[in-house]
Amino acid sequence: MMFTTPMKHIIAVVLDHDSDNVAKELISQGLLHFMSIRELHSPWRDKVQDVVPDTSGARIAEIKKRIESLLSITGTSVSKKDLDIEKLKPLDIDRTEKLLDDISGSIQGYRDRQKQFQQEILKLRDIKRQVNLFGDIGEGIKIHSAYSFLSIQTGSVPSSKAGDLSLAMKELPSVIIKLQEIDQHTHLLVISMKKDDSRVNRIFEQSGWLDMEITGDMQGVKEDVIGDLDVKCAVLEKEQDDLDKQAKSLIQDRTGELLDLWEICRLNELYSRVKSYFSKTARTILFSGFIPASKQKVLEESVKKITAQRCYLEWSNPVDRVKENIPSSEIPVELKNPKILSPFRMLVQNYAIPEYGSIDPTPFVAVAYFCMFGLMFGDVGQGIILVLCGIIGSLIYKSKDKGLFELSQLIIWCGISAIIFGILFGSYFGVALFKPVWFNYHGIITEHARGTGFVKDVYGILALTIYFGILVIGVGLIINCINLVAKRRWFSLFMDKGGLVGTWMYGAGVYTGWYFATHGYKELPNGYFLLFALGLPTFFFFFKAPIKFIKRKIHDPSISFTPLVPVDFFIEWFVELMEIVGGYLANTLSFMRVAGLGIAHVSLMFAFMKMAESAGTIAAIPILIFGNGLVIFLEGLSAGIQSLRLNYYEFFSKYFTGTGKAYSPVSLHSD
Amino acid sequence: MASPVKKYGFINAKLRTRISKILDDEFMTRLARAHTLVEAIQLFKETRFSGIETVYTKTGDLKMVELELLKYEINLYVEIEKYVTDNVLSFVRVLASRYEVDNLKNIIRLWFDKIIRKRDIQDALLYIYGERIHYDLHRDQILSAENMIQIAEILKDTPYAEIIQKTREEVEKRRSLFALETELDVYYYKMLIAEVDKLEKSDRAIARRIVGVEIDLKNINLIVRFKNLYDLPLLDALKYLLPYGHSVDKQVLSDVYASQDVAGVLKSFVQKQYSGLDALLTTQSTESYSRLILIERVLDQIMMYEVQKILLGNPFTIGIILVYFIRKRNEIRKIITILNAKYYKITDDRIMGRI
Chain A
1 MMFTTPMKHI IAVVLDHDSD NVAKELISQG LLHFMSIREL HSPWRDKVQD
51 VVPDTSGARI AEIKKRIESL LSITGTSVSK KDLDIEKLKP LDIDRTEKLL
101 DDISGSIQGY RDRQKQFQQE ILKLRDIKRQ VNLFGDIGEG IKIHSAYSFL
151 SIQTGSVPSS KAGDLSLAMK ELPSVIIKLQ EIDQHTHLLV ISMKKDDSRV
201 NRIFEQSGWL DMEITGDMQG VKEDVIGDLD VKCAVLEKEQ DDLDKQAKSL
251 IQDRTGELLD LWEICRLNEL YSRVKSYFSK TARTILFSGF IPASKQKVLE
301 ESVKKITAQR CYLEWSNPVD RVKENIPSSE IPVELKNPKI LSPFRMLVQN
351 YAIPEYGSID PTPFVAVAYF CMFGLMFGDV GQGIILVLCG IIGSLIYKSK
401 DKGLFELSQL IIWCGISAII FGILFGSYFG VALFKPVWFN YHGIITEHAR
451 GTGFVKDVYG ILALTIYFGI LVIGVGLIIN CINLVAKRRW FSLFMDKGGL
501 VGTWMYGAGV YTGWYFATHG YKELPNGYFL LFALGLPTFF FFFKAPIKFI
551 KRKIHDPSIS FTPLVPVDFF IEWFVELMEI VGGYLANTLS FMRVAGLGIA
601 HVSLMFAFMK MAESAGTIAA IPILIFGNGL VIFLEGLSAG IQSLRLNYYE
651 FFSKYFTGTG KAYSPVSLHS D
Chain B
1001 MASPVKKYGF INAKLRTRIS KILDDEFMTR LARAHTLVEA IQLFKETRFS
1051 GIETVYTKTG DLKMVELELL KYEINLYVEI EKYVTDNVLS FVRVLASRYE
1101 VDNLKNIIRL WFDKIIRKRD IQDALLYIYG ERIHYDLHRD QILSAENMIQ
1151 IAEILKDTPY AEIIQKTREE VEKRRSLFAL ETELDVYYYK MLIAEVDKLE
1201 KSDRAIARRI VGVEIDLKNI NLIVRFKNLY DLPLLDALKY LLPYGHSVDK
1251 QVLSDVYASQ DVAGVLKSFV QKQYSGLDAL LTTQSTESYS RLILIERVLD
1301 QIMMYEVQKI LLGNPFTIGI ILVYFIRKRN EIRKIITILN AKYYKITDDR
1351 IMGRI
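In the order they appear, the protein sequences are chains A and B.
So the first sequence is numbered by this note's numbering: it starts at 1 and just counts up by one.
So the second sequence is numbered by this note's numbering: it starts at 1001 and just counts up by one.
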C-alpha cells in the first residue's frame, strides 16, 4: 500500500498451436499489461515477426460501434460485465454488416414515412397560421385571401354526397366545416390550399357542389376550423409516434441478437488486440508484459496448464529490465489502496501517474486534503448537507459515470471533514450550539470569545495554518527522500533541493523563523547554530554543480573544462539557493490561504446571521437558508479547489514524479 | 467607460468554455463515417445537439432538423446580446440581421420561382424561418405579390423597400436576383461597418479585419463561381462584388477572373497574405466542381487562421465574440452538410473532402 504495486515482467514462449488458448486465457484473466517483445532490447527482437490477426480489427470495431448506435435508439446500453470468453467465435463480418444495413434501412423507411406525415402537418399548420391572420372566416372569404395561399370556399352539396366529399378531401391538406343542412343539402365551408384547386374542383364536380354565399353569422366558425386543424395535426402526430414506436420495436425485437453480436465483436476485438502483441518464430509464439508480482503464480500456473507445460516463462524484476534498456516510464504503475480512498486516488491520477517504485501518494493526499478542507470549512450543519449531497450524487451516478461517482464520494469525505472540524470549532450552521472541543473559530473572528491554547486570536489561526503547511511540506520532503533511497538515486538524495541537504536547510529555516518570531522579531539564533544549520548546507550545495560536471565528464570525455565553467558553477549555486529560500518560503506561506478561506467562511456566516437578526423572525428563516446555501456552494467550492491546489503545487512539487504509465491490462472489462 | 477587462472578462470566460465544447474534427469524422443517416443521427444523443436526435426521430424530416439548427444559431446572438452593452450590443444586433437578410433573400427567391419561373413553391415554403428578427417580413404578402413594386410597398416600413426599388429594373431586365441579393449583402455589410466604426479602437481594428476578411472570402468565392458557372463579362462580375474587403482589392479579383489558372492566382495571393496555407492549393484538379470545393476549403482555412490568431491574442476584446459566432456557424454548417450527405448516401471520402 505504501509504494506502487510491485510488478513482474514476463517473457513467454508457447507453441503456435497453443497460442489461441493462451490468448483466451490471458483475456479471461485480464492481468497482463502487454508490451511488444519487439520493443525489448533482447536477442529475440530481430529474430521474431509480428503476428497478423486473422480478422480485421478495424471492421469489427466499426461493427461494434454500429450495433451500439442502433441499440441506443431504444436507449439500450451494452455492458462489459457479463462477457464470457467461451462465447468467442469467428464473426461473419459480411453477413453482420448486411444485417445492420437491413435494420438501418428499415428504420430509414419508417423515418421517410414520418417525413411524409410531417409535411402534411406543416401544411395544416400553415393553413392554421393563415386562418389566424383573419379576424373571422367571413372576412377571409370576402377578400378572397388575396395575401394567402388558402382557398376558402362556401357552397352546398346534396347531403347524400357530403360523406363522399369529406372522404375525398382527406387526401389533401384541407378543412371542411358543416355549417347547416337545408332541404337535404348540406352547406359547407371548405378551406384548402390554392395549389390544390384543380384537384379540389374535380372532387367538387363529382359531389355536385354548388357555390353559394353564406350570409349568416360566421362567428365561431374560425374556432371550429382551428379545432379541426388541431385534431388533424394531432392524428398525424400520433401516426408519426406510432411509426417511431414501430422503428423502436424493430430494434427491441432484435435486441438479443444485437447484444450477442456485440459480445462476439467485443471478444474478437480483444482477441485481435492480444494477438497484435504476439510475435512469432517458425513454430512458437512469444509475448511479454507486466503483471502485479502477487499474481505471478496465478498466471504461471494457468499458462502451464493450458499449454500442458509446453512453454517457457522468464520472469524478471522490471527494475532489472530497465538496465536492459526498457525505459522506466514503460513499467506500468498500479496504485492499490482501499476502495474507500478511491476519490483521493482519482485526484492523484488526474494530476499524473507517479513513477514506478515510488511511494503511492494517495493516503497522504487523503489526510492532507481532509484536514485542509476541514480547516477552511468547519461546520457540522453544512457538513451534513455536503454528506447528503454526496450520498445522493453517489446513488445517481454509481453505475452511470465513474468520474461523477468518485466526485460524489469526495463530497462525502469533505462533508465528514467539515463535521469533525465543525465539532472542534463549535460551529453548527454558523451557530455555536455546543461548546467547541478545540477553539471557538467564530468567537475569535467576531471577537466575541478568546481562543484556547496557542490559537487565541486571528494571528493564532494564521500561525496554525503555517505550522500545518510546514508539516505538509516536511512530509513531502521525507517522502521524497524515501523515494530516492528506493530508487537508489544517491546523488539526488544528498544534493537535490528536495533531498537531505535541502530538507536540512528547510528545517533550519523553519527553526530560525520560529526563533525570530518568538523573540519579538528582534533576535536570531546564535551564530554557531546559523553557521551549522544554514551555512554548512549552503556550502555543500556549492559542490553540486562541480560533482555533476565530473560525472558528465566521466561519461563523455569530450566535455572540456573552460574558464566559464566555474562561473556556471557559481551561477547554478546562487540560483539554486535563491530557489530554495524563495520557493520554500512561498510554499509555506501559501498555506495561509487555509486561514484566509476559513476566516472568509466564518465572516460570511456572521454577515448572514447579522442580516437575519435585523430582519425579524419571519424573514430570518429564508435569509439563513439562502445564506447557508450560498456559503455551502461558494465556500465549499473554494475550499475544495484550494485544498486541491495546495496538494498539487505545494505538496506534490516536493516529491511527485509524474512520469508513470497506468497499469492497463487487456481484460474483458478494459476499454 | 468600462475597462476592457470589466467589459469582456465574463463573456470571454463564458465563450472560451463554449468554444472548447464545439464538436471537434474527431466527432465530425465519426459523423461522416457513420454508415447511414439513422446511425449518424444517434451520435448526437450524447452531445449538446441532442435536440437533433429528438427532432429527427419525431419527424423523420432532415429539413426540420435544419430549421431547428437555424433557430439555435439565431438564438446564439439573442443570448449574447444579454451579456454586452452599448456599441458592442448594437454591433451584435447588426450581426444577427445577417439572418434576416438571408431569410428575406429566401422569401424573394420563392416569390421569384412562383411568379417569374412559375414553379410550385408550396413545399419549400413550409421550411421558411417564420420568426421576427428585427422587422416583420410579411412573407405571405410578399409571396402573393404580383411584382416587385408590390413587394417594396409591403416592406415599406423596413430598410429593404429602398433596396428593392433600386434593383427592381435590373432584376426584371436580367430575370435574375443577383443584383438584389448583392445589394442586400452590401446593405448588411454597410450597417456592420458603420457599427464597427463606433467601436473602441482595439475592438475596431479586430472587427474591421474579421469583417474585411469575411468579405474578401465572399468576393473570391463569388468571382470564382462567376468564372466557372456563369458567363458574365468582367465589368458585370466586378459590379456584383462587395465593398469593404480587407486585403483583396479589385485588381486581385480581376486577375482571378481573367486568368486561366485561378488556383495559381489565388496561390500567389495566399502566399503573400497567409504564407503556410498555400500548400493547400498545390493539389491539382481539372474538374471545375472539385476546384471550387478546393478553393472553398482554402477560404475556410484562411478564416480559421484569422480565428486562431484572435484566440491567441488579447482575450479582452470583441474578437472572442466574433470567433465564437464564426466557429459556431462553421460547426452548424458542417453538421448540416454531413447529414445531408448521409441522406444522399455520399461516400465518407467525398464528405471528408467537402468539410
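Hints are computed from structural coordinates only; laboratory data are not their basis.
Beta carbons: idealized from backbone N, C-alpha and C, even for Gly.
Please note: incorrect hints may appear among the correct ones.
[Stated by the list, open to error] Pairwise CB distance ranges, derived in the manner of DEER restraints: (1) B:GLU1296 with A:GLY75: 37 to 45 Å; (2) B:GLU1081 with A:PRO90: 39 to 47 Å; (3) A:VAL52 with B:GLN1251: 54 to 62 Å; (4) A:LYS297 with B:GLY1051: 52 to 60 Å; (5) A:HIS669 with B:LEU1311: 34 to 42 Å; (6) B:LEU1311 with A:THR659: 42 to 50 Å; (7) B:ASP1349 with A:LYS87: 34 to 42 Å; (8) A:VAL231 with B:ASP1349: 42 to 50 Å; (9) A:VAL231 with B:GLU1081: 36 to 44 Å; (10) B:GLU1172 with A:GLY75: 38 to 46 Å.
Hint check results:
no.	hint	in the structure
1	B:GLU1296 with A:GLY75: 37 to 45 Å	holds (39 Å)
2	B:GLU1081 with A:PRO90: 39 to 47 Å	violated (60 Å)
3	A:VAL52 with B:GLN1251: 54 to 62 Å	holds (59 Å)
4	A:LYS297 with B:GLY1051: 52 to 60 Å	holds (55 Å)
5	A:HIS669 with B:LEU1311: 34 to 42 Å	holds (40 Å)
6	B:LEU1311 with A:THR659: 42 to 50 Å	violated (31 Å)
7	B:ASP1349 with A:LYS87: 34 to 42 Å	holds (35 Å)
8	A:VAL231 with B:ASP1349: 42 to 50 Å	holds (49 Å)
9	A:VAL231 with B:GLU1081: 36 to 44 Å	holds (39 Å)
10	B:GLU1172 with A:GLY75: 38 to 46 Å	violated (57 Å)
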